[in-house]
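Visitor: Protein chains in written order, with numbering that gives the first Met the number 0: chain A, 0 to 291; chain B, 0 to 291; chain C, 0 to 291; chain D, 0 to 291.
I should point out that these hints are in silico values taken from the structure, not numbers from a laboratory.
This structure is a prediction, so every number in the text was calculated from the model and none was measured.
Keep in mind that a hint or two might mislead.
The list makes no distinction among identical chains, and a pair is therefore deemed to hold if it is satisfied within one copy or across any two copies.
[Stated by the list, open to error] Computed list of lysine to aspartate or glutamate pairs in DMTMM-like fashion (alpha-carbon distance at most 25 Å, straight line):
1) Lys286 x Glu153
2) Lys250 x Asp42
3) Lys286 x Asp42
4) Lys140 x Glu119
5) Lys140 x Asp123
6) Lys152 x Glu233
7) Lys250 x Glu119
8) Lys103 x Glu159
9) Lys103 x Glu254
10) Lys140 x Glu104
11) Lys214 x Glu170
12) Lys103 x Glu80
13) Lys250 x Glu87
14) Lys152 x Asp235
15) Lys161 x Glu119
16) Lys259 x Asp92
17) Lys103 x Asp123
There are 4 protein chains.
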Amino acid sequence: MTLNVVPASPSAVLLISCPDRRGLAAAVTDFIFRNNGNILHLDQHVDAQQNVFFMRVEWDLQGFAIERSEILAAFTGQVGEAFAMHCEIHFSDTAPRMAIFVTKESHCLYDILSRVQAGEWRVDVPMLISNHPDLGEIAHKFGVNYRVFAINKENKLKQEQKQIAVLREQEIDFIVLARYMQVLSENFVSQFPNRIINIHHSFLPAFPGGQPYHKAYNRGVKLIGATSHYVTSELDAGPIIEQEVIRINHKDSVEDLIRKGKDVEKLALSRAIRYHLQHQILVYGNKTVIFA
Amino acid sequence: MTLNVVPASPSAVLLISCPDRRGLAAAVTDFIFRNNGNILHLDQHVDAQQNVFFMRVEWDLQGFAIERSEILAAFTGQVGEAFAMHCEIHFSDTAPRMAIFVTKESHCLYDILSRVQAGEWRVDVPMLISNHPDLGEIAHKFGVNYRVFAINKENKLKQEQKQIAVLREQEIDFIVLARYMQVLSENFVSQFPNRIINIHHSFLPAFPGGQPYHKAYNRGVKLIGATSHYVTSELDAGPIIEQEVIRINHKDSVEDLIRKGKDVEKLALSRAIRYHLQHQILVYGNKTVIFA
Amino acid sequence: MTLNVVPASPSAVLLISCPDRRGLAAAVTDFIFRNNGNILHLDQHVDAQQNVFFMRVEWDLQGFAIERSEILAAFTGQVGEAFAMHCEIHFSDTAPRMAIFVTKESHCLYDILSRVQAGEWRVDVPMLISNHPDLGEIAHKFGVNYRVFAINKENKLKQEQKQIAVLREQEIDFIVLARYMQVLSENFVSQFPNRIINIHHSFLPAFPGGQPYHKAYNRGVKLIGATSHYVTSELDAGPIIEQEVIRINHKDSVEDLIRKGKDVEKLALSRAIRYHLQHQILVYGNKTVIFA
Amino acid sequence: MTLNVVPASPSAVLLISCPDRRGLAAAVTDFIFRNNGNILHLDQHVDAQQNVFFMRVEWDLQGFAIERSEILAAFTGQVGEAFAMHCEIHFSDTAPRMAIFVTKESHCLYDILSRVQAGEWRVDVPMLISNHPDLGEIAHKFGVNYRVFAINKENKLKQEQKQIAVLREQEIDFIVLARYMQVLSENFVSQFPNRIINIHHSFLPAFPGGQPYHKAYNRGVKLIGATSHYVTSELDAGPIIEQEVIRINHKDSVEDLIRKGKDVEKLALSRAIRYHLQHQILVYGNKTVIFA
Chain A
0 MTLNVVPASP SAVLLISCPD RRGLAAAVTD FIFRNNGNIL HLDQHVDAQQ NVFFMRVEWD
60 LQGFAIERSE ILAAFTGQVG EAFAMHCEIH FSDTAPRMAI FVTKESHCLY DILSRVQAGE
120 WRVDVPMLIS NHPDLGEIAH KFGVNYRVFA INKENKLKQE QKQIAVLREQ EIDFIVLARY
180 MQVLSENFVS QFPNRIINIH HSFLPAFPGG QPYHKAYNRG VKLIGATSHY VTSELDAGPI
240 IEQEVIRINH KDSVEDLIRK GKDVEKLALS RAIRYHLQHQ ILVYGNKTVI FA
Chain B
0 MTLNVVPASP SAVLLISCPD RRGLAAAVTD FIFRNNGNIL HLDQHVDAQQ NVFFMRVEWD
60 LQGFAIERSE ILAAFTGQVG EAFAMHCEIH FSDTAPRMAI FVTKESHCLY DILSRVQAGE
120 WRVDVPMLIS NHPDLGEIAH KFGVNYRVFA INKENKLKQE QKQIAVLREQ EIDFIVLARY
180 MQVLSENFVS QFPNRIINIH HSFLPAFPGG QPYHKAYNRG VKLIGATSHY VTSELDAGPI
240 IEQEVIRINH KDSVEDLIRK GKDVEKLALS RAIRYHLQHQ ILVYGNKTVI FA
Chain C
0 MTLNVVPASP SAVLLISCPD RRGLAAAVTD FIFRNNGNIL HLDQHVDAQQ NVFFMRVEWD
60 LQGFAIERSE ILAAFTGQVG EAFAMHCEIH FSDTAPRMAI FVTKESHCLY DILSRVQAGE
120 WRVDVPMLIS NHPDLGEIAH KFGVNYRVFA INKENKLKQE QKQIAVLREQ EIDFIVLARY
180 MQVLSENFVS QFPNRIINIH HSFLPAFPGG QPYHKAYNRG VKLIGATSHY VTSELDAGPI
240 IEQEVIRINH KDSVEDLIRK GKDVEKLALS RAIRYHLQHQ ILVYGNKTVI FA
Chain D
0 MTLNVVPASP SAVLLISCPD RRGLAAAVTD FIFRNNGNIL HLDQHVDAQQ NVFFMRVEWD
60 LQGFAIERSE ILAAFTGQVG EAFAMHCEIH FSDTAPRMAI FVTKESHCLY DILSRVQAGE
120 WRVDVPMLIS NHPDLGEIAH KFGVNYRVFA INKENKLKQE QKQIAVLREQ EIDFIVLARY
180 MQVLSENFVS QFPNRIINIH HSFLPAFPGG QPYHKAYNRG VKLIGATSHY VTSELDAGPI
240 IEQEVIRINH KDSVEDLIRK GKDVEKLALS RAIRYHLQHQ ILVYGNKTVI FA
């Protein structure tokens with residue numbers, strides 16, 4: 000399944016974080032201007048409590064004086080090092096490669112694949128990975144490779160090794176856990192830092208772990224939610240990307256919560272994927288800056 | 000401060016809960032019909048999991064065959080006992096008496112008093128109780144009696160005894176904790192079962208206890224909320240009446256969260272007060288049925 | 000494509016509207032009780048301005064004394080006629096037959112088909128109708144018959160006649176216009192009163208007609224929306240079933256509005272379909288009562 | 000009534016709009032850096048359709064090399080003229096002077112005054128103006144001067160002249176129409192361009208003009224809203240600042256819509272006032288850029 004959205008003219012996105020001090024914005028924008036770049040978007044944020052500066056700047060590459068393969072080195076040498084910047088660069092005409100992990104629930108998977116199919120995102124989806132064969136038919140419908148790795152207590156680490164090998168081989172950039180009902184090992188997670196997006200079916204930090212809708216029902220809450228976040232070694236505790244909620248009432252059974260919750264799961268997950276694909280997310284500590 | 004909304008014609012509200020079985024709705028509506036009542040609103044709910052039946056029925060008293068002081072006894076004898084019903088009756092032209100407890104934050108207090116003043120609710124507010132003198136001026140503005148009971152570890156139970164005495168003397172029907180920064184003792188709470196409404200400044204069960212906005216900031220959530228609930232002996236764990244949320248982002252400091260949160264606190268609290276005043280709430284277990 | 004949700008025990012749903020007067024609820028519930036029905040849900044509403052009474056009552060058919068084919072006649076004879084009721088009856092184990100009309104946009108179609116496939120609704124989808132061949136591949140993926148009726152000014156009424164013939168032949172109960180970019184003729188609409196659900200991509204009555212997102216962009220609104228409604232002969236003016244909105248800001252181009260709007264279109268349309276399938280909608284005048 | 004929030008250290012806010020071209024961000028940030036300013040917030044936006052560049056930049060004045068009274072001239076000479084910029088400068092320790100216009104509805108007025116009293120905003124409120132005496136008591140409670148100018152067809156322009164004279168005398172910076180039930184004349188509006196904020200009790204452009212809740216009720220919408228906007232000579236057609244909505248259903252009478260709508264009116268208006276006070280709004284054409 001391949002991308003089908005090509006922007007008119009390619010642009011570069013530079014993501015920066017560093018200790019805050021005078022002259023940061025001037026140094027960055029001057030570098031772009033001197034090299035004949037036209038800024039399309041510029042967002043910055045200063046965390047006054049932590050004294051950290053964050054910036055996302057996107058400029059048109061047409062007529063830019065530096066070859067794209069040289070930009071990061073040039074910027075680092077002329078600006079980044081002097082300010083102890085952490086930098087990343089991305090180009091709008093490159094489609095990241097996304098793997099989707101699923102188990103048996105189809106709603107997030109359908110939502111993602113139909114967005115890809117309709118050209119809503121610029122992304123490649125070379126493969127689906129599952130611990131069950133159930134959703135293979137959907138993968139087949141959309142022409143995506145479907146790999147099953149059955150997981151149990153005994154084989155978990157071995158199976159993860161095989162998954163990692165396949166992901167490497169397929170040059171996967173990031174992973175989406177679309178209601179994948181397995182906890183990834185610390186080793187697995189460490190190989191894809193800030194590159195595994197999970198959807199948890201509650202309004203975190205309320206109801207982490209299993210059966211959040213049952214817990215929500217028993218507590219008698221009046222709103223339920225969903226949270227997309229980067230996966231870290233601690234379950235449901237990684238940096239939150241997006242949250243969405245929906246109102247419920249006393250008439251709703253657990254089954255109604257599960258059904259209504261699916262709609263906010265799809266929204267919270269698809270928005271997180273888009274932010275990730277647009278390089279709009281900067282992670283620091285256990286939080287995210289979303290330049291949307 | 001007294002009520003200023005008088006409905007055109009008085010109505011009766013009957014709140015019922017009992018084990019579910021055939022014929023409940025027929026028995027209740029037949030009783031009203033036989034006595035020449037015209038039903039204005041009828042809501043019922045069956046908790047299929049617990050097999051409990053709930054009903055709120057409101058009818059016009061004009062031409063009703065039974066004196067209002069006799070209705071509950073008549074209904075219980077003719078219908079209620081046979082079905083082991085728990086019943087309550089209320090009349091729309093009676094204004095409940097509400098006491099407001101505050102500490103130093105004024106936003107919920109202003110919101111409540113301005114709604115009372117504008118005649119949005121049918122309620123009397125004979126008094127404010129506080130553990131600090133700060134908001135006395137606001138009480139004065141609105142012509143409401145303001146009583147200060149300074150609380151510390153040593154005098155807490157004694158002061159609560161005095162508060163209870165005043166509340167009894169003033170024939171207070173229910174209490175609203177409008178950001179009252181003291182935990183009520185189990186004894187106090189037990190005297191007003193399902194008649195103390197608190198506003199907690201988080202989306203419970205996330206962030207119970209102190210400083211929820213600081214906790215929300217540190218966790219990096221993307222939505223903050225407020226929860227109104229009946230107070231029970233366990234802190235921030237009583238039956239939830241209403242919840243509301245508002246979106247935040249990385250630009251928001253803790254102070255911004257506190258500021259934005261005030262708006263949802265006011266909404267969640269004022270809606271809970273209205274539901275309570277309209278007799279739209281049925282509590283069972285640790286949950287609420289809201290017939291709104 | 001056929002239904003795959005079977006409820007534990009079948010139930011009957013009776014929808015009633017009539018002039019309001021004393022004894023209506025008693026008469027209906029007594030009929031059900033006398034015939035040994037156990038009420039699962041009962042909702043009623045009185046439009047005090049128009050003096051109209053509305054009721055939706057659902058009861059378990061297990062042990063009910065009347066054959067299902069006889070219920071409507073029995074009820075009408077014993078209760079309905081006396082109160083001049085307009086009545087409809089439905090049974091929970093019957094799957095309505097839905098036809099979907101599309102043009103080129105796939106998002107609502109995917110959303111609907113994936114819900115059907117996942118068993119979220121009890122419905123049959125025997126066919127898709129389109130004025131373009133583009134979405135035939137999606138129909139094929141889901142195993143649904145896809146019929147193309149190209150429409151132009153000259154052939155419109157003839158083509159509609161053919162569509163109607165196919166719909167009759169397939170015993171279609173109701174039609175969903177999932178971004179069908181043709182205005183149906185008055186004749187077509189009159190054949191399916193309150194049985195054609197459209198999704199309009201604006202918050203009606205703002206921006207009726209063509210290009211609502213362009214209009215919203217030009218007006219500079221801060222929220223955009225979508226409206227599902229029953230189709231009447233007047234464009235975008237039928238009874239509203241559901242509306243949903245999403246926040247936008249100055250950064251959003253028309254293309255962003257179109258993209259963000261799709262998410263609320265899907266929500267507003269799928270909720271309307273569910274209400275219709277659950278027989279939760281009563282239309283009167285140009286408005287809806289939604290017993291949800 | 001005077002301000003009571005003083006920020007730790009004063010800052011300057013520069014608002015810029017001009018035709019878009021290369022080097023704009025670099026020129027502005029370089030000016031601030033050369034003069035030893037530390038940027039606290041920087042937001043920019045390019046309207047690609049109109050080719051217009053917008054920027055809001057806020058920096059700490061501590062240690063800044065230019066006297067505040069000289070900054071605008073210095074910036075214009077060194078940067079602004081070369082890029083044909085339209086510029087405004089504001090200082091965070093100056094409290095704007097706001098006049099509030101009211102008629103008989105108190106909810107927005109209470110909301111505003113209680114926020115001012117609690118120190119939520121940095122603003123002075125020297126006076127209220129009304130066409131009725133009714134809300135004078137509230138003004139008195141909060142110690143604000145209350146001026147009544149009764150308006151009828153005959154005296155309207157004369158009375159407006161007197162109002163303008165008082166506003167000038169009191170050095171009013173901007174006006175808030177907090178449910179002021181009079182249409183201002185074109186002459187009045189022209190004297191305060193983009194400095195009169197109105198709250199309209201509908202989701203514009205739906206239901207402009209009088210009785211929007213009645214219109215919403217009759218149309219059968221499922222959400223109602225409120226819109227804050229700058230006043231222009233065309234009724235309810237000025238640049239929209241903020242909109243908010245709330246869900247309603249068939250149970251809600253017109254009176255319920257009016258009551259529920261008040262809560263969103265308060266929110267939409269208070270947010271607009273805050274954006275205005277923080278100098279976060281740039282108007283162009285008939286739209287707003289909100290740098291929030």
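Visitor: Does each hint hold? Answer for all of them.
Guide: Verification of the hints:
1. Lys286 x Glu153: Answer is neither: 34 Å inside a copy and 42 Å across each miss the 25 Å cutoff.
2. Lys250 x Asp42: Classified as between: cross-chain Cα gap 11 Å, same-chain 44 Å, threshold 25 Å.
3. Lys286 x Asp42: both (17 Å within a copy, 21 Å between copies)
4. Lys140 x Glu119: Answer is both: 18 Å inside a copy and 20 Å across each meet the 25 Å cutoff.
5. Lys140 x Asp123: Result: close both inside a copy and across copies, 16 Å intra and 20 Å inter.
6. Lys152 x Glu233: Within. Shortest intra-copy distance 18 Å satisfies the 25 Å Cα cut-off; inter-copy 38 Å does not.
7. Lys250 x Glu119: Between. Shortest inter-copy distance 18 Å satisfies the 25 Å Cα cut-off; intra-copy 36 Å does not.
8. Lys103 x Glu159: within (19 Å within a copy, 41 Å between copies)
9. Lys103 x Glu254: Answer is within; shortest intra-copy Cα gap is 16 Å, inter-copy 34 Å.
10. Lys140 x Glu104: both (16 Å within a copy, 19 Å between copies)
11. Lys214 x Glu170: neither (39 Å within a copy, 38 Å between copies)
12. Lys103 x Glu80: For Lys103 and Glu80, the Cα distance exceeds 25 Å both inside one copy (48 Å) and across copies (49 Å).
13. Lys250 x Glu87: Classified as between: cross-chain Cα gap 21 Å, same-chain 49 Å, threshold 25 Å.
14. Lys152 x Asp235: Answer is within; shortest intra-copy Cα gap is 20 Å, inter-copy 38 Å.
15. Lys161 x Glu119: Classified as neither; 31 Å inside a copy, 35 Å across copies.
16. Lys259 x Asp92: This pair counts as between: shortest inter-copy Cα distance 22 Å, intra-copy 36 Å.
17. Lys103 x Asp123: Both: 22 Å inside a chain and 23 Å across chains, each within 25 Å.
Hint check: violations occur at hints 1, 11, 12 and 15; the rest are consistent with the structure.
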